[in-house]
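Each chain, written out:
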Amino acid sequence: MENYLAALSLLILFSAFVLMANKRIKSYIATIRVQSIFIAIAVGIEGAKSLKTTGHFDILLVCVLIIAFKVIYIPRLLHRTYGKVEYRVAKDFFLNIPILILICCLLVVFSYFTLSTVEGINTGESNVQMVNSISIVLIGMFFMISRKKAIGQIVGFLVIENGLFVTALFSTKGMPLIIDIGIFIDLITAVMIMGIISFKINEKFDSIDTNKLKNLRG
Amino acid sequence: MGYILWIVPIIGILLLTAVKDKKLFPIISVAKASILLIAAIFITRTVMLQGKVSYKNLQGLLYIDSVSIIALDIVVVIGLLSAIYSINYLNLELLHGKIDIKRLKLYYILMDTFIYTMVLALTVNNMGIMWIAIEATTLASAFLVGFYNDKEAIEGTWKYVIICSVGIGVAFLGIILLQLSSIGVLKEANFLQWTNLYENATALKPSILKLAFIFLLVGFGTKAGLAPMHTWLPDAHSQAPSPISALLSGVLLNSAMYGIIRMVSIVNKGLGESIFTGRLLISLGVLSIGTSAIFIITQKDYKRLLAYSSIEHMGIIAIAIGLFTPASIFAALFHMINHSATKAMLFFSSGNILQKYETKDIGKIKNLLKILPVSGFVFFAGIFAIAGTPPFSVFASEFNVILSIFNNHNFILGGVVIGFISIIFVGIAMTLFKMFYGTSPEHLIPGDINIPGEIVMVCMLIFILITGIYMPLQVKGLLLSAEKIIIGG
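Protein sequence lines correspond, in order, to chains A and B.
Numbering that gives the first Met the number 0 puts the first residue of the first sequence at 0, with every later residue one more than the last.
Numbering that gives the first Met the number 0 puts the first residue of the second sequence at 0, with every later residue one more than the last.
Treat each hint with caution, since some may be false.
Stated by the list, open to error - Quick list of in silico lysine-lysine cross-link-like pairs, PhoX-like style, CA-CA up to 20 Å:
hint : chain 1 : residue 1 : chain 2 : residue 2
1    : B       : K97       : A       : K211
2    : A       : K203      : B       : K97
3    : B       : K97       : A       : K147
4    : A       : K203      : B       : K150
5    : A       : K83       : B       : K150
The set of hints was computed from the structure by calculation and includes no laboratory data.
So that you can see chain A by itself, here it is in the shape it has in the complex:
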């Protein structure tokens, strides 16, 4: 089982790299869905383990929530927002893709070196998984910086949330259930609100390019 989890943690990291290399908003949404599926599988494995050893099925409940919201509902919501706002294809990033990927590699190396100096975390397997998942958070932040479109930034926010979730899963074997549910409610409202605001940005600024938001300064 541990082997599968290690492989999944790598796959989730890899999907973040793939996301960075994507060019179109539609492929962002597809990649984020694939990443969420991987997370759902990892949570499912953890849930089955905890059901076998302690008899708690709350992690399995979280798995169901992930499938319902992160795999099905949020990508659909993003598609709908995208369908409402986007009517022309334009280049969405500042740097070219090889440089972006290279910077992502550096981020992984950075989080590896940072975490290996902290006592108490670097105990074998959980360390590697922690490095992977914190790298996902950093890559998500970098994704938000590198994309100009509002939807790209929403996707970046989702990657950060995924990374945080994976960190919680692998390092602490899941948070208490009530906190997990609260996080889900927050996440869904956040994505809905961001979707509505990006729709309004499109209405007022005639595009969802967040570089045009330059009225407020000083």
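With chain A's structure known, arrange chain B on it following the hints.
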């Protein structure tokens, strides 16, 4: 008694969604806020007598001690005042056709939700749920910031939501690490309970605790408006309707600061010294004061100026918490109360100015005292108060903070802080005093608008005058016991 704080707001929000008559919205909102205030008074009394309020059920989730009651009272009082102020403010907007009844309803629902999330954040024992509530404050206030729906408001909202959500995400990483440091120390049912973490702080793994503190400081610091994570704050404060600006500045920043305070006391007890947290907090605090000094001097928009002044005061509080001596913690808590009252009052009066002159540009506002006698006077006195002039209470607490810096033999820090504060004083005087001179445009008729709002403002002015000179013994006792809880022992 404590559960009233959790149940009454929900009933109020549900009632608001159900009713359709526009006259009922403010009545429900004010009634709800008044019930909260009465409950808060009773709880304050209990806390004064027994030290804390907590119940056995729900795993001891509800927990109120002296630290939380100070922040909670600020939330409840300013919540009530801004509900009263909102009535005429919004009626006038409705009259001018800026909003319709649907948006009016949305405003009251969201404002009550916003206050509710803050009450929740301050009354739970669980750090994880506190995090959820603080994230929820962003979501509840997002559309309030973008209430006017024009280009600038949308831009402010987008920045607010994105920056604060990411910042709070970073704080969640800190919460995860906090839990990681407590694995093997706490039982599973007690995970992330503040009281348990605090009791067993010395057993937590110190290196992970340090990492957790950095993440939490960045995350909650974003929400508290500490530089360099402050960039959302002036935009959101200047674009929101004035009662919401008052809530954002007077209450929300305190709630985020409360999260930092709770974490600081765990980390300092765990590490056995305050140098680590002190260095981080003091450097962020000095950076905040410096940043706001630069922007205040060159400011052209009075609401943005007030927002930058909030960054300054949060910086002062951060420095005082960073010093972590009994006197400085006392001063920090006292400063929280004073800053909230003064800044909320200033935002209320700036709302009246905005509605009268219909501009946020300092240069276009002339002869304020004649056009708006009461609001203008309150604004005039408030400027002096917020800049730190005696006899107002901000002076008293700022003086205490600086005194504790010097008592700690931190002469360079004290000098730098005094330097920045005097720059800010000059900046405020230079920019805002223009508003009181000159000849006003002819189409403006002198006379006040929003009478209930003015009564609120005058009451607040009297309050900050009294607390500047005299502090009741009970309040002092409450502040001292809060200081003991934070420092420990």
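Original post:
Any hints this thing doesn't respect? Which numbers, in order?
Top reply: Hints 1 and 3 not satisfied by this model.
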